[in-house]
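K.L.:
For reference, the chains in residue letters:
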Amino acid sequence: MTGVVLREYGATGRLGVVNPTPERLQRAEKVARKGRAWRGRDDIWFSPEPLHGKIVFLFPGLEAEFKPRVEDLVDHPLDLGTDTVGRHAAAVLATNRIVDEALRRIGIRPDAVAGHSVGEWSAMVSGGLFDTAELQELLWRTDLDALRVPGVEFAVLGCPLDEVDLHWPNVVVSHENSANQTVVCGPADEIAELAEHYRRKAVICQVLPFRSGFHTPVLEPYLEQFHIPKLPLHPAHTPVWSATTASPFPTTEPAIRDLCRRHLLEPVRFATLLRALHDVGFRAFVQVGSGTLTSLVSDTLRDRDHLAVAGNSPHRSGIEQLRRVATALWVEGHNPDFSALDPAPEPRGALAEFQAVLREAEAAVAAVLDAQQKIEVSTAAMPHLLDHCFAHQRPGWPDESDLRPVMPATTMIAHLVDAAGRAAHGRVVTDLRDVRFHRWLVAAPGHRVALSTKDGRAKLGDYADAAFTTAQRHQPAPRPWGIPHDEHEPVLPAHRLYDERWLFHGPGYRGLTRTVAIGERSIRGRITVPGAPGALLDNVGQLLGHWLVERHPARWIAFPKSIDHIRWYADEPPIGSTVDCAIRITELTEDTVRADAQVIRDGEVVIAVTGWTDHRFDGGAEGGAVHRFPETSTLSRPAADGWWQVVDRWSLASREFYLHKYCGAAERAEHGQCPPTHRRDWLAARIAVKDAVRGALWRDGAPPLFPAEIRVRQHGDRFTAHGLHGLVLPPVEVTVLRSAAGAVAWSACAKLVQQQGKDIA
Amino acid sequence: MTTTTVLDELRSMLVRVLDQYGLDDLEITRGTSFHDDLGLESIDLVTLGSLLVEHYGEHVNLAAYLAELDLDSVIALTVGDLADFVIARVG
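Chains A and B are the protein sequences, given in the same order. The first sequence: position 126 = 126 (our numbering), numbered continuously. The second sequence: position 21 = 21 (our numbering), numbered continuously.
Incorrect hints may appear among the rest.
Said to hold, decoys possible - Heads up, incomplete: computed chain B residues facing chain A, CB under 10 Å, no partners named:
1. Leu-18
2. Thr-32
3. Val-60
4. Asn-61
5. Ala-67
Stated by the list, open to error - Computed from the model, here is a short list of chain B residues facing chain A with C-beta under 10 Å:
6. Asp-8
7. Glu-9
8. Leu-40
9. Ser-42
10. Ile-43
11. Asp-44
12. Leu-45
13. Val-46
14. Val-53
15. Val-74
16. Leu-77
Because the hints were derived from the structure by calculation, they are not lab data. Glycine is no exception: its CB is placed at the ideal position from the N, C-alpha and C atoms.
Let's have the full structure, built from the sequences with the hints guiding it.
P.N.:
In structure tokens form, the structure reads like this:
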């Protein structure tokens, strides 16, 4: 498909995007909102007021770098070698002609043509003055490399024509390229001196890698060898402009032939030509061939409205670059034929063609709509996320962000499946593979997240993605696994997992109704499907959690990191139905647990999961206790003389986990402003201070206190603690001792030094 | 003068040079190549050269620096190369 997205902005504005990825569409939207013209960067074109105006084709001549990409525009092999000036010129002319013809095939036709240096011959062919076959025949007959040319050099100067001072007797200006670029020509020794001179004046000067003396009087003695000015002439069908006179070619044969001669002996006045074209209403300057004319156009017409676009680019195939030209011109109000860009599979009638164009347009629009879909992730839009909060707080706690409502990995899966289903147009999503969860998707504060599909992968922002497979119908289901031999009754009945907060889930995600049996490497349970999206698979994860709680109580906190494969053998069982779940642990390491699972309904496997991988969090018994009951537990341990000591041996992920257990929004903002190297120290000190304060208060009979209820402030070496959101604390000052930087286990000790105005240290 | 400062200054100059092409939310790092990543042609280096002189003075002579490079090296030039050159000249 064309991959061109066309959307009207207001009455006149046009926006075009080639290969509309979600990122690119997002940028395009921003560009359009800004309302300033944007021409081509990142394959986006936007024109708030299309330029319309006339189109000129500009044909490049010989340039230092020549990297044509025209293989896909022709059906025969090409010789585009440039090892001699003659072959280089032939290759440039051939490329120009190929790109010219390709542009016309997609309905892009010039109102005038012109060329830079020998590119002017291409312009004469394109405009009709020369016949293609006759020029070609002349090129074949002539041994271009046998042409003798003066051994003079060209130097490109980075300054305007009127700043060029020529102190060398034999150096002349050969090209007035653009507002800030002039080419001079002369004998090698003088050019070398000149280059040195201008570089000292900080003017950029490059000596070109070929010699010819074109466009200077020194070519005159060699002129007889050039047959081009003698080619048969034909009436022009498109106006041809001369860069020698910066005006249209004359109409009489002698005048045309004279101008052809002058073209070889007089400077190329390209910048003047461009201004003259602009003066009479040309706005679209299309480079027809391989080169850098567009930069000369932009440099010269910097302050005037114009479009400069290259018809060929070293960066992509011929067709792909044509697609960009067509988009650029459409955006400026022209009407290229996009359908001609893609090869037609078979000859089609007018009706079929029209329908194909319509289908393409529909597909393009659908692609945009799919790519642009965004979901609102907030507790207002998704109240079920309040049943999946990582941090307990005092009931009625006013700051939702302190609760840390997080979208479960399995709810992300539900959204990925939704997106895949929409892209599948009526087919069912049978598999997700390579499901990856990149980071927590936190719902407070609320925000919008893009949900998209591309190339068989569904993506939820940069939070999660997965490859998906769709089919007409589900695959036949495999048999449920047999029952492991080492099973026994679990210690904890399912309801205690929730009551005792081994699982932190609220009603929308609570589905484990019975844990049937547990083994060395297995667990089986019953799930009544709860109401939150993705809750069924979440309960598979919860059952795995139960296995960890019973079999590995020292390190039982775990969250999904990735899943190799999920296959659905039937539609998901509806909310309220009861299913069986069997899990087999396939791998257990310090950091991860991997398992396979089956969800079974009425003896039939409905979902099979392979390679479910959880990351295990560290933190020991204290970590587990703080996870479950932060209001009565501490990460620090009381030591002698009223000190509380916390030792941080945690991974980065665990540390982030505890940060949210211990710190409210204001403190987290402070943490975020800390240089990363100080954050570990910062957090250890806060934890120790909060635990020392809570320890002292509990000793005096205070009720349970959540760490986030205490706000710690640091004043140089002193720490003070204050109550938040209704908690009133007596004035407290705390002293902190920290381990040396670089210690493996980071520790901080805190001790109250002053309470209610009296020293207690 | 630190690399970070110079990179920031170069970034704002490049934004000025490229503004005509509608480029205003530009990501520039040491590895950004003038030709391949930014699509700069020799003519844009002219503008950049005069901004360098305007900002750092005559001794930051881009023309002289480019003269020491062959065509391939000019094409492969990165923002980091230019930053190193500026730092060497400004000291």
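K.L.:
Hint by hint, note whether the structure agrees.
P.N.:
Hint check results:
Using the Cβ-Cβ criterion of 10 Å, the hint placing Leu-18 (chain B) at the interface with chain A is satisfied: the shortest such distance is roughly 8 Å. Against a cut-off of 10 Å between C-beta atoms, the interface hint on Thr-32 (chain B) is violated, since the closest Cβ of chain A lies about 14 Å away. The beta carbon of Val-60 (chain B) is positioned within 10 Å of a beta carbon in chain A (closest approach about 8 Å), and the interface hint is therefore held. Among the interface hints, the one on Asn-61 (chain B) holds; its C-beta lies about 4 Å from the nearest C-beta in chain A, closer than the 10 Å criterion.
Given hint, Ala-67 (chain B) at the interface with chain A, holds; its Cβ is 5 Å from that chain's nearest Cβ, closer than 10 Å. Annotation: Asp-8 (chain B) was flagged as interfacial toward chain A, and the flag is violated, the nearest CB pair being 19 Å apart, outside 10 Å. The interface hint given for Glu-9 (chain B) is violated, since its Cβ lies 18 Å from the closest Cβ of chain A, which is over the 10 Å cut-off. Annotation: interface hint on Leu-40 (chain B) holds; nearest CB of chain A at approximately 8 Å, less than 10 Å.
For Ser-42 (chain B), the shortest C-beta to C-beta distance to chain A is roughly 7 Å, which falls under 10 Å, so the interface hint holds. Satisfaction of the interface hint for Ile-43 (chain B) is found here, the shortest Cβ-Cβ separation to chain A being roughly 5 Å, below the 10 Å cut-off. Hint status for Asp-44 (chain B) relative to chain A: holds, with the closest Cβ pair at about 7 Å, below 10 Å. Among the interface hints, the one on Leu-45 (chain B) holds; its C-beta lies about 6 Å from the nearest C-beta in chain A, closer than the 10 Å criterion.
At its closest, the beta carbon of Val-46 (chain B) sits 3 Å from a beta carbon of chain A; the interface hint therefore holds under the 10 Å criterion. Interface restraint check: Val-53 (chain B) against chain A, minimum CB-CB distance 6 Å, threshold 10 Å, status holds. This hint holds: Val-74 (chain B) has a C-beta 8 Å from the nearest C-beta of chain A, less than the 10 Å allowed. Look at Leu-77 (chain B): its Cβ only gets to about 12 Å from chain A, farther than 10 Å, so that hint breaks.
Comparing the model with each earlier hint shows violations of hints 2, 6, 7 and 16; every other hint is respected.
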